[in-house]
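S.K.: These are the residues of each chain, in order.
Number of protein chains: 6
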Amino acid sequence: MAEIFINQLKSGQEVSATFALRVKKLMPLRNGTGYYLAVVLGDRTGQLEGRIWESVFETYHGCKVGDVVKVQGQATEYNGKLQIQISAMSVYQVNEIDPKRFIPSSALLLETAREKLFSILESLQEVHLKSLVSLVLSDEDFMNAFITAPAAKRNHHATIGGLLEHSLGIVCAAEGMVQVYPNLDRDLLITGALLHDLGKVEEYRFRTGIDFTDEGRLLGHIVLGVRLLDHYIGQLPGFPEDLRLKLTHMIVSHHGQYEWQSPKRPKFIEAAVLHHLDMIDAAVDMFKSAAESRDDPEDHWSGWIKGLDRYVFCK
Amino acid sequence: MAEIFINQLKSGQEVSATFALRVKKLMPLRNGTGYYLAVVLGDRTGQLEGRIWESVFETYHGCKVGDVVKVQGQATEYNGKLQIQISAMSVYQVNEIDPKRFIPSSALLLETAREKLFSILESLQEVHLKSLVSLVLSDEDFMNAFITAPAAKRNHHATIGGLLEHSLGIVCAAEGMVQVYPNLDRDLLITGALLHDLGKVEEYRFRTGIDFTDEGRLLGHIVLGVRLLDHYIGQLPGFPEDLRLKLTHMIVSHHGQYEWQSPKRPKFIEAAVLHHLDMIDAAVDMFKSAAESRDDPEDHWSGWIKGLDRYVFCK
Amino acid sequence: MAEIFINQLKSGQEVSATFALRVKKLMPLRNGTGYYLAVVLGDRTGQLEGRIWESVFETYHGCKVGDVVKVQGQATEYNGKLQIQISAMSVYQVNEIDPKRFIPSSALLLETAREKLFSILESLQEVHLKSLVSLVLSDEDFMNAFITAPAAKRNHHATIGGLLEHSLGIVCAAEGMVQVYPNLDRDLLITGALLHDLGKVEEYRFRTGIDFTDEGRLLGHIVLGVRLLDHYIGQLPGFPEDLRLKLTHMIVSHHGQYEWQSPKRPKFIEAAVLHHLDMIDAAVDMFKSAAESRDDPEDHWSGWIKGLDRYVFCK
Amino acid sequence: MAEIFINQLKSGQEVSATFALRVKKLMPLRNGTGYYLAVVLGDRTGQLEGRIWESVFETYHGCKVGDVVKVQGQATEYNGKLQIQISAMSVYQVNEIDPKRFIPSSALLLETAREKLFSILESLQEVHLKSLVSLVLSDEDFMNAFITAPAAKRNHHATIGGLLEHSLGIVCAAEGMVQVYPNLDRDLLITGALLHDLGKVEEYRFRTGIDFTDEGRLLGHIVLGVRLLDHYIGQLPGFPEDLRLKLTHMIVSHHGQYEWQSPKRPKFIEAAVLHHLDMIDAAVDMFKSAAESRDDPEDHWSGWIKGLDRYVFCK
Amino acid sequence: MAEIFINQLKSGQEVSATFALRVKKLMPLRNGTGYYLAVVLGDRTGQLEGRIWESVFETYHGCKVGDVVKVQGQATEYNGKLQIQISAMSVYQVNEIDPKRFIPSSALLLETAREKLFSILESLQEVHLKSLVSLVLSDEDFMNAFITAPAAKRNHHATIGGLLEHSLGIVCAAEGMVQVYPNLDRDLLITGALLHDLGKVEEYRFRTGIDFTDEGRLLGHIVLGVRLLDHYIGQLPGFPEDLRLKLTHMIVSHHGQYEWQSPKRPKFIEAAVLHHLDMIDAAVDMFKSAAESRDDPEDHWSGWIKGLDRYVFCK
Amino acid sequence: MAEIFINQLKSGQEVSATFALRVKKLMPLRNGTGYYLAVVLGDRTGQLEGRIWESVFETYHGCKVGDVVKVQGQATEYNGKLQIQISAMSVYQVNEIDPKRFIPSSALLLETAREKLFSILESLQEVHLKSLVSLVLSDEDFMNAFITAPAAKRNHHATIGGLLEHSLGIVCAAEGMVQVYPNLDRDLLITGALLHDLGKVEEYRFRTGIDFTDEGRLLGHIVLGVRLLDHYIGQLPGFPEDLRLKLTHMIVSHHGQYEWQSPKRPKFIEAAVLHHLDMIDAAVDMFKSAAESRDDPEDHWSGWIKGLDRYVFCK
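Residue numbers (this note's numbering), protein chains in the order written: chain A, 1 to 315; chain B, 1 to 315; chain C, 1 to 315; chain D, 1 to 315; chain E, 1 to 315; chain F, 1 to 315.
Be careful, since some hints might not be right.
One copy or any two copies: either way a pair holds, since identical chains are not told apart in the list.
Below 25 Å or equal to it, Euclidean Cα-Cα: the simulated BS3-like pairs (lysine-lysine) are [unchecked claim]:
hint, residue 1, residue 2
1, Lys-64, Lys-153
2, Lys-153, Lys-130
3, Lys-315, Lys-64
4, Lys-315, Lys-130
5, Lys-306, Lys-153
6, Lys-153, Lys-315
No lab work stands behind these hints: they were computed from the structure.
Kindly produce the complete structure, drawing on both the sequences and the hints.
M.R.: Shown next as structure tokens:
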């Protein structure tokens with residue numbers, strides 16, 4: 001049975017659902033005789049304050065931030081905002097967690113994405129690139145990870161499925177580019193666009209939120225991506241060394257500049273175009289989110305957007 | 001009658017044609033009894049050494065580098081390379097100069113470009129942007145300049161017609177982008193793409209080569225472009241202030257970063273996309289030129305490309 | 001009748017005056033039975049906390065931060081600090097607002113400033129520059145704006161009249177420079193100093209505080225200033241093109257470096273000197289403010305001054 | 001039979017030896033009747049000019065810069081400098097080339113190096129790191145490459161065997177560090193020091209000079225090194241994941257900063273120490289070379305040293 | 001009699017001891033009838049909250065942050081954390097203050113340090129450097145300062161004796177380096193290592209915490225160190241000018257780069273090595289502190305470490 | 001008897017004078033039978049080519065670049081340019097060299113400068129600063145050096161007396177500033193302006209050209225200047241410590257930014273103003289020299305000016 005989401009709750013409603021515990025804090029009672037427990041609960045639709053007045057210390061010590069908690073209680077309105085009066089809260093069984101309940105998902109429909117992936121595969125003429133993409137698409141474990149991974153911890157496409165949305169966005173933009181610039185090697189650019197961020201499946205982990213893995217922080221998705229590409233190409237005897245070198249370089253250089261953590265800068269045109277399309281696809285997502293983040297939709301300007309290092313004009 | 005070009009000359013051929021004087025130098029005769037005059041002549045197809053043995057000093061003082069000179073002589077082969085033995089050389093009448101003889105022209109056909117310009121105009125739905133583009137296209141003086149201007153002194157699109165080729169390239173790329181990212185304001189992006197570099201018609205001057213104007217060096221094409229945009233919008237009563245502000249910002253911010261001489265960074269998505277498409281269009285031209293500039297087409301690498309600050313892989 | 005200012009208030013005094021509403025916040029009553037409204041009120045002399053115990057929600061929703069509010073109440077001392085117990089607070093009629101009540105004004109006397117402006121005009125020998133300055137000074141609308149505009153949102157000369165004070169400060173410093181360096185073109189430097197920041201009249205708006213306009217954030221005062229200069233010079237037939245180019249360049253380059261948002265760097269000496277005098281005039285104001293901002297006048301050091309990116313020695 | 005080296009040649013001596021062709025140039029004869037061929041020949045001890053007066057064009061077109069050429073001729077003194085009058089010069093058989101004749105070799109004796117390598121292996125206590133180093137040392141093909149590879153194209157340790165000298169230098173310095181800082185993980189630091197640059201065996205190629213491989217320029221030795229480490233650890237079942245992660249990070253971060261092409265900065269102390277020891281070992285070599293490069297050993301200063309971006313004090 | 005330290009306190013224990021007053025704040029009583037005084041007390045072992053319920057205002061005004069206060073009270077446990085209920089608190093007599101009670105001390109034993117200092121002195125062969133070190137070591141006033149000074153306000157070695165620990169750490173590392181790189185001038189490097197930061201004795205002051213002196217902020221320890229070195233060498237007639245110049249340069253350049261406040265970059269190898277050893281010694285201390293600062297020793301990562309500008313991997 | 005200068009020579013004139021030897025080069029005779037010696041001679045007015053046909057090798061080995069040479073010969077015109085046919089050239093006696101013959105001198109008259117120095121001294125009200133300046137002015141050895149030293153090796157004021165001209169220029173500009181900004185401490189600013197670069201007397205050496213001393217390159221004029229200031233203030237018992245600290249800081253911070261080799265940035269207003277006046281005075285000199293360096297006085301632009309990193313507009 002589908003659980004209720006935070007943005008569906010109404011004042012007075014009984015609640016029995018799981019949430020991610022985002023914050024917990026012991027607070028002194030106003031009469032000075034003890035404490036209550038103030039929590040912030042979250043799911044993919046937002047956050048909500050909760051109050052626990054009984055078994056305060058047991059509950060406090062029985063869970064930690066990041067846990068999924070099973071909550072019993074009642075939604076009430078307090079000073080114009082919804083709150084849950086919680087009668088019971090405890091850690092939920094781990095093996096049944098679905099991150100999609102807690103982290104926003106990409107708007108991209110999985111079915112649409114799959115169709116796009118296979119149409120990309122079909123469109124490839126270069127036989128080795130086609131084999132490579134085919135091999136990757138048929139690796140079920142990898143694809144399950146690739147389909148759900150986020151493209152970032154925050155900033156852009158920080159959603160379940162965000163990596164796939166981002167990768168396909170760049171593939172589509174690349175398809176536009178090859179129409180305009182016929183000297184681009186279409187299949188190389190498309191394959192590079194699809195695979196440039198594949199290391200991100202190992203850079204992030206997510207459960208009730210998105211975080212870096214140790215590998216992600218110590219090696220980064222560029223090095224992890226080269227490793228994955230090596231893994232796949234290693235299974236394709238006869239894959240041309242030049243093509244492998246070019247694809248690997250496209251991963252290595254796609255951040256475009258040393259200070260953005262690319263150990264090499266793009267040295268042929270498909271690598272250079274990939275870098276800029278990566279920037280555009282991220283920018284489109286960040287400017288859109290910036291506009292959506294305004295408190296008042298009448299404002300001409302967003303607040304300060306850290307990932308863009310600027311205010312965004314939204315008129 | 002069409003004059004001969006340098007890349008058409010054959011050994012033994014009589015030459016009577018105009019060239020740009022690129023270099024002139026008095027050289028001592030090997031027998032120590034006087035001087036000869038060594039010159040480098042150029043046209044859009046290349047450069048050629050020339051030798052003058054008579055009236056050396058008069059000829060030397062009668063012309064200066066950058067002049068168009070009328071040359072009489074004979075092509076000869078000397079150590080495997082063509083050279084002109086010049087019997088007479090003098091400055092040519094200025095009022096008949098055609099820069100296309102001396103500076104390479106964009107590969108874009110003017111007819112194709114005109115069609116594209118009018119199809120852009122037709123495609124615009126937003127009435128004020130359509131009026132603006134219509135006004136610009138119908139300004140014959142400006143269009144003559146816009147059609148011939150280069151996009152740079154060197155680096156990318158440093159050709160007659162290069163500015164138009166560059167501007168239309170970005171418009172085409174922008175048309176691809178709006179397919180992929182439907183939240184982009186198509187007409188704003190297309191108009192911005194077409195007009196973003198319009199100040200370049202006043203930034204460069206060209207006759208036998210491309211150089212900066214004083215305005216170009218002191219103000220730059222961003223400020224000159226804002227001035228031109230103001231000039232046109234000033235003729236369109238009722239042009240919405242918001243639209244004018246956005247278009248102006250797109251010119252002001254299209255270099256993307258302060259250190260690249262943009263006084264503002266892009267603050268809405270169409271401005272940000274325009275910046276990256278500008279980078280891509282320039283990169284496509286520069287990587288292509290880099291490959292073409294190799295001495296040996298078998299080399300995997302170009303020489304150092306200053307505009308890209310790197311060697312380019314050409315395999 | 002002159003209203004009372006915050007720094008004149010005494011404990012026990014009845015207050016009936018307008019203030020700028022800087023902060024508003026609903027706070028739970030200590031007995032847990034409801035809320036009170038805590039506000040911060042401001043005028044040009046400082047800020048003051050206020051408390052509202054009746055009609056809390058109506059008052060809260062009846063005004064927003066940045067409004068001018070009419071306040072009735074009594075000043076009281078609470079823990080050594082003054083506070084207003086507010087009996088009534090409502091938004092004040094907009095069309096009668098005087099920003100000088102809410103924003104500090106420059107110490108420069110308007111009469112002194114006007115005299116200086118006309119003595120500058122008189123001192124100019126170059127006929128076209130004299131005409132230009134004369135035209136600007138006689139534009140009443142512009143002068144009303146120029147006389148009241150701030151030179152910044154914070155950092156330096158963020159006062160009503162700050163722009164004029166800053167501009168005249170640089171003119172005076174420039175007059176000193178031409179004594180020392182006789183090869184400077186006096187009239188060019190003086191005119192450039194007077195007009196270099198004229199775009200700031202359109203970069204900022206102020207009412208109860210100083211903020212950027214949309215134009216200010218999207219175009220900046222350099223581009224806005226060029227536009228205004230064009231507007232004036234356009235009315236002066238026969239204004240020499242070279243002089244216009246030089247003056248325009250002085251506006252364009254006066255921040256001195258690309259990363260400080262100048263699209264060009266100074267390319268002749270008057271432009272270079274103007275840039276440094278601009279830096280000095282701003283520094284004098286910022287170091288002075290830094291010293292004044294110390295809590296304890298015995299301290300050798302100010303706190304961290306963001307605009308200077310350092311601590312300031314005040315001994 | 002051992003061939004003669006350039007620094008052993010004496011005037012009047014007959015020469016029959018192989019050299020690297022560094023420069024070739026057709027020069028007009030002084031009497032204007034034809035050309036001679038001027039070449040620069042090189043071996044590991046220096047360079048020498050040569051002159052060819054017969055079969056000039058055949059010889060010119062029969063060889064290219066970078067070739068090994070077999071030279072017959074006689075050393076003569078010309079204006080105080082030695083020169084070879086060449087009677088015959090032709091390209092030498094490729095399959096017998098020994099780069100050590102043409103590129104300087106490290107001063108490190110191979111026997112000493114081998115002993116050091118095995119004493120490092122013996123000194124390791126951590127069983128997996130010991131297995132890894134043992135595996136690498138027993139890979140004959142790799143070791144042959146590792147023993148001969150240079151550490152750079154120029155700047156520091158640009159010699160045959162330079163990579164090994166550099167790697168062992170850092171190991172020795174690391175051994176000193178663990179004496180001083182006992183909280184360092186000795187075996188991790190030593191192993192990291194030995195293997196940090198192993199990708200350089202694929203980054204450079206050398207025959208008569210040192211140059212980048214395509215892999216070197218497109219991927220760089222950091223990415224190539226991670227690949228090689230993966231190759232070796234892949235053969236060691238049970239190698240702890242944490243240890244692999246740490247060693248890999250040490251390769252990835254050893255340049256210390258993004259702008260020096262490290263995609264990650266050191267995130268634990270052994271990685272940080274490795275980075276600084278790498279800097280020291282390179283500096284020792286570069287300062288020494290700077291002093292040796294002075295024309296006059298009495299000069300207090302070297303010329304400008306590009307790799308150090310400074311003049312070096314040599315007193 | 002030894003006073004008790006914060007980390008020795010137990011709930012219920014009577015306290016009569018001196019502490020550094022780190023924070024003081026008047027807080028409203030929950031019943032709204034007045035105020036209590038909340039303080040944070042510190043010594044070298046940590047910090048502790050305290051509460052004062054009587055003579056609140058007198059106590060508040062009778063002391064200021066940074067003072068040493070004599071505290072009477074009782075340790076109690078409140079919500080799982082220790083707190084002191086303070087019955088009396090007043091400023092302590094200044095002339096008896098021992099900073100070691102309030103600021104952590106280096107782990108280096110003074111006796112060990114002294115032995116090391118004299119073994120350094122003995123080890124020096126170069127007679128003038130030996131005289132110089134001997135002179136410094138025999139300057140009792142300076143040595144008392146050198147032995148107790150911190151090496152920084154925070155970041156690394158911010159302890160009493162931290163400067164000495166840091167200086168000797170670098171000397172020890174330098175002794176390792178001269179084993180590996182025999183072309184280093186041992187005595188110069190060792191003397192430079194010992195004295196490179198001597199200006200820090202005048203850069204910091206410490207009593208209950210570490211702060212900059214005015215000299216420290218206005219001149220910095222590099223300029224102060226040159227001045228001190230001049231002072232000592234001025235007492236050594238016949239000290240060679242070259243040696244003085246080299247030692248002075250080692251102080252002047254030891255931060256390695258202009259942006260790290262070195263007015264010169266290292267221009268000979270001993271200066272370059274000193275710079276890197278300085279970086280290593282600081283890094284060892286900062287990475288160690290980062291690991292110790294984790295809340296949960298099971299965490300793989302420290303929090304953000306400002307001095308290192310990164311998270312630290314602690315697994 | 002006054003020697004002739006290069007810019008006074010006429011064709012046909014006999015020459016017997018001393019010059020600085022700037023370049024020497026052995027050149028093959030055109031008939032292939034030997035060598036001639038080509039030299040470039042210089043004095044403060046310019047440079048001239050010379051030719052030596054006899055005793056070529058003896059002359060070549062008998063002098064080195066930088067020497068003053070006694071030249072006998074005859075000025076001749078060759079291809080429109082003057083040249084000296086040299087019959088004898090030998091090294092001149094060192095102890096009689098006057099650098100003013102070889103290096104341009106400042107246009108500032110020494111008498112004017114002395115008057116200005118004494119009027120500065122008289123103008124000082126603050127008794128200790130007056131004593132300091134008086135002490136410096138009365139140090140004959142220092143003043144001889146201060147009066148002749150250049151302010152740079154090239155870029156700005158690279159003349160004999162350039163340091164004094166530069167220092168007095170800033171003092172004059174500072175006098176203008178204190179008129180405009182009355183909160184400036186006049187005497188501090190004036191004294192700081194006069195003495196800020198005093199270390200340059202030890203940074204440069206000059207004889208036939210300007211070069212760095214070893215101290216200059218290893219320590220720089222900031223550190224050398226602090227040392228000199230210490231030397232003078234050390235002779236003034238009772239000189240206030242605060243004043244010494246401020247003056248020293250003004251020397252230490254006058255380059256304004258770390259990357260311009262200031263170990264501290266200006267922390268009070270007089271130091272900040274001094275920095276900007278230093279920039280202005282250097283700029284005035286560099287822009288003027290840029291205009292003078294044009295080949296054609298009709299050109300609107302100078303060539304690339306390295307010290308300004310730009311082209312200069314000269315119209």
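S.K.: Now tell me if each hint is right for this structure.
M.R.: Each hint tested on the structure:
no.	hint	verdict
1	Lys-64 <-> Lys-153	within (21 Å within a copy, 35 Å between copies)
2	Lys-153 <-> Lys-130	neither (31 Å within a copy, 37 Å between copies)
3	Lys-315 <-> Lys-64	between (42 Å within a copy, 21 Å between copies)
4	Lys-315 <-> Lys-130	between (44 Å within a copy, 21 Å between copies)
5	Lys-306 <-> Lys-153	both (13 Å within a copy, 21 Å between copies)
6	Lys-153 <-> Lys-315	between (28 Å within a copy, 22 Å between copies)
In terms of the numbered hints stated before, the structure departs from hint 2 and from no other.
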